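Engineer: Going line by line, the protein sequences match chains A and B. Residue 1 is where the first sequence starts when you use UniProt numbering, and the numbers rise one by one after that. Residue 1 is where the second sequence starts when you use UniProt numbering, and the numbers rise one by one after that.
Heads up, some of the hints might be wrong.
[Claimed, not checked] Facing chain A, a subset of chain B residues (Cβ under 8 Å, in silico):
(1) Ser66
(2) Leu70
(3) Thr71
(4) Val77
(5) Ala78
(6) Met79
(7) Phe81
(8) His89
(9) Thr91
(10) Ser102
(11) Leu104
(12) Tyr322
(13) Ala325
These are calculated hints, taken from the structure and not from any lab test. Note that this is a predicted model, so its numbers are computed, not measured. Think of the CB as a built atom: it goes at the ideal place given N, C-alpha and C, for glycine as much as any other residue.
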Amino acid sequence: MSFSVTEPSPRQKWIAGILVVGYALITMLPLLWIVATGFKSSADSIAYPPKILFEPTVEGYVNVFTTQTRLSNEMAQEPRENLPWYEQLVREKGNTIVGQSRYTERFFNSVIIGFGSTFFAIVLGTAAAYAFSRFKVPLKDDLLFFILSTRMMPPIAVAIPIFLMFRNLGLNDTHAGMILLYTAINLSLAVWLINGFIDEIPIEYEEAALIDGYTRFQAFYKVVLPQAATGIASTAIFCLIFAWNEYALAVLLTSGTAQTAPPFIPTIIGVGGQDWPAVAAGATIFLVPVMVFTILLRKHLLRGITFGAVRK
Amino acid sequence: MAEVVLKNVTKRFGADVALENVSMTVPDGSFVVLLGPTGAGKTTTLRMISGLDRPDAGDVLIGGQSMAGLTPAQRNVAMVFQQYSLYPHLTVRENLEFPLKSPLLKTPAEEIARKIREVAEVLQISHKLDNKATALSGGEMQRVSIGRALVRTPTIYLMDEPLSSLDAKLRADLRIELKRIQSKSGATLLYVTHDQIEAMTMATHVGVLDRGKLVQFGSPREIYENPVSIYAASRLGQPRINIVPASLFGGAPAKADKIGLRPEQIVQGEGEDSLVTRVEHLGDQTRLHLNYKSHELITVTDAHTQLNEGDTVKIRPEKPFYFDAQGDRVA
Chain A
1 MSFSVTEPSP RQKWIAGILV VGYALITMLP LLWIVATGFK SSADSIAYPP KILFEPTVEG
61 YVNVFTTQTR LSNEMAQEPR ENLPWYEQLV REKGNTIVGQ SRYTERFFNS VIIGFGSTFF
121 AIVLGTAAAY AFSRFKVPLK DDLLFFILST RMMPPIAVAI PIFLMFRNLG LNDTHAGMIL
181 LYTAINLSLA VWLINGFIDE IPIEYEEAAL IDGYTRFQAF YKVVLPQAAT GIASTAIFCL
241 IFAWNEYALA VLLTSGTAQT APPFIPTIIG VGGQDWPAVA AGATIFLVPV MVFTILLRKH
301 LLRGITFGAV RK
Chain B
1 MAEVVLKNVT KRFGADVALE NVSMTVPDGS FVVLLGPTGA GKTTTLRMIS GLDRPDAGDV
61 LIGGQSMAGL TPAQRNVAMV FQQYSLYPHL TVRENLEFPL KSPLLKTPAE EIARKIREVA
121 EVLQISHKLD NKATALSGGE MQRVSIGRAL VRTPTIYLMD EPLSSLDAKL RADLRIELKR
181 IQSKSGATLL YVTHDQIEAM TMATHVGVLD RGKLVQFGSP REIYENPVSI YAASRLGQPR
241 INIVPASLFG GAPAKADKIG LRPEQIVQGE GEDSLVTRVE HLGDQTRLHL NYKSHELITV
301 TDAHTQLNEG DTVKIRPEKP FYFDAQGDRV A
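Go ahead and model the full structure; you've got the sequences and the hints to work with.
Structural biologist: Shown next, in the form of structure tokens:
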């Protein structure tokens, strides 16, 4: 029998495994609930006790993308065979589709604002972090602390001044305004995280590139960026998750053209009563982009989080 | 290739003086070796010339041109770093191509391929060209890092202990190879090492640095045969020069405090008795550890000597070096 102080025993591995799986199940439960509710009928969604097994339907998904009205008596008599499947589905409930809902629009607002602000936070954050890491910045430590201090209160605490500023600048309910706001909030996180990653990259690589005939900017682009890619990717995930999920400021500052999905989804009201399956369907679709983004960058995320933490 | 001149170069890092008023001329086509222990200012000298650091005072001239304010790229120097500094995200081939593809050189593709083939051959890394730079052994990394300099034709090659982590055989091969490349191409080379065999075999000139000061500059023979101080004398010679009080032997000049004796400056079989304390057979030579009036001396004797521990042997100094109390040469 070999014995190692660092390698866990099979029993320890089992216990760790059970704990991890248990924790994962608990955190997954609300998600499963939402996904399941999205495929329930209105009646099933509010049934008590909750139905674990139910007959799936895509009603919720049809409802979330459409606006509907009650069928008139004449329309109810019309033959339904030639109608598209979603219209048939809606007519069975005594409704008819009269147009597209605003969900798609709000969803794309979220995409534009979420990815836009992430892009700017990463570009500006990388530039600032590189400067902090490599140049003699006067009052460097104080500046870094000041940048971090912007995160020491919840962003909503400054909602009213921001609201007033935005009103005066005409930024209320604009894409530019929301991108600006989320970039500003994410920037401190981006500077701090990326600064840590760039600090880990020995300066000798850049010196070698300078000697090899490259300018400082080219050395940054060709040598530092590829090595910092991991850290930048994981920072991007954090920034996107924040901007994508942000609710409070979005409620306050957007109402129409630039409204993102989070404040919109709870306002989905069906024809007669809150349409929970539609809300759940909207939430499920809303989860997809950030999930795909995270899965694509997952390998970087795991490496990134541990990599930046180790100090020499 | 060009002549490189340092004029009264001073560099401080905080309170530490890394270089103090160093003036030195590296002639065009020469192979200059800088010797000195850690902290003597060898690497700092290379960094001054390369432009990675700027002197606090003084000037660096390459080919007669002042380099003040010029970036490393504009100076067109090649440097081999002590820590290799291979780009970890690139393959060996991409590492070697990197300087050739710079905006400075923009080498055509066929020429890049040809140069890399040549250099990889010389450095015995042809079979590793498509490996990731991080998947190499220390010695291989060091060779790639030398290769990254050799693919270029810069004004000067700067090398910071380029052979330090190679095994003995490879080091001997590359020593000869580097010297061959340098004398064939007429390249100017400034080379930092701790290894005195490298200094003796490759250098046309040796600069001895001591705590930021250039104490002696000359041919290796000159420094070996005519050192200016105990410090300079101790840099070259294997076994090291023996330093003992001058009064131990007669005939010392008035100001002399210490006498320096290289093995060949100790004549055996004449003079006064000394006790053999140890005999080291190294194959091609035999080292004798002697006790002379309770001072330790090390010298070299015939490889097939019959002397044993406990024997006595007569010795006397022959044209020794005399140094004053500060360690400076007086005779």
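Engineer: It remains to establish, for every hint, whether it holds in the given structure.
Structural biologist: Results of checking the hints against the structure:
A least Cβ separation of about 19 Å between serine 66 of chain B and chain A goes past the 8 Å threshold, and the interface hint is therefore violated. Hint status for leucine 70 of chain B relative to chain A: violated, with the closest Cβ pair at about 11 Å, above 8 Å. Given the 8 Å rule on beta carbons, the hint for threonine 71 of chain B holds: about 7 Å separates it from the nearest Cβ of chain A. Annotation: valine 77 of chain B was flagged as interfacial toward chain A, and the flag holds, the nearest CB pair being 6 Å apart, inside 8 Å.
A hinted interface residue such as alanine 78 of chain B counts as satisfied when its beta carbon comes closer than 8 Å to some beta carbon of chain A; here the least separation is about 7 Å, so the hint holds. A hinted interface residue such as methionine 79 of chain B counts as satisfied when its beta carbon comes closer than 8 Å to some beta carbon of chain A; here the least separation is about 5 Å, so the hint holds. With a cut of 8 Å, the hint placing phenylalanine 81 of chain B at the interface with chain A holds, because the nearest CB-to-CB distance is about 6 Å. Look at histidine 89 of chain B: its Cβ gets to within about 4 Å of chain A, closer than 8 Å, so that hint holds up.
At a threshold of 8 Å, the smallest CB-CB gap from threonine 91 of chain B to chain A is about 13 Å, leaving the interface hint violated. Hint on serine 102 of chain B holds. Least Cβ distance to chain A is approximately 3 Å, under the 8 Å limit. Look at leucine 104 of chain B: its Cβ gets to within about 3 Å of chain A, closer than 8 Å, so that hint holds up. For tyrosine 322 of chain B, the shortest C-beta to C-beta distance to chain A is roughly 45 Å, which exceeds 8 Å, and the interface hint is violated.
Interface restraint check: alanine 325 of chain B against chain A, minimum CB-CB distance 42 Å, threshold 8 Å, status violated.
Checked against the numbered hints above, the structure violates hints 1, 2, 9, 12 and 13; every other hint is satisfied.
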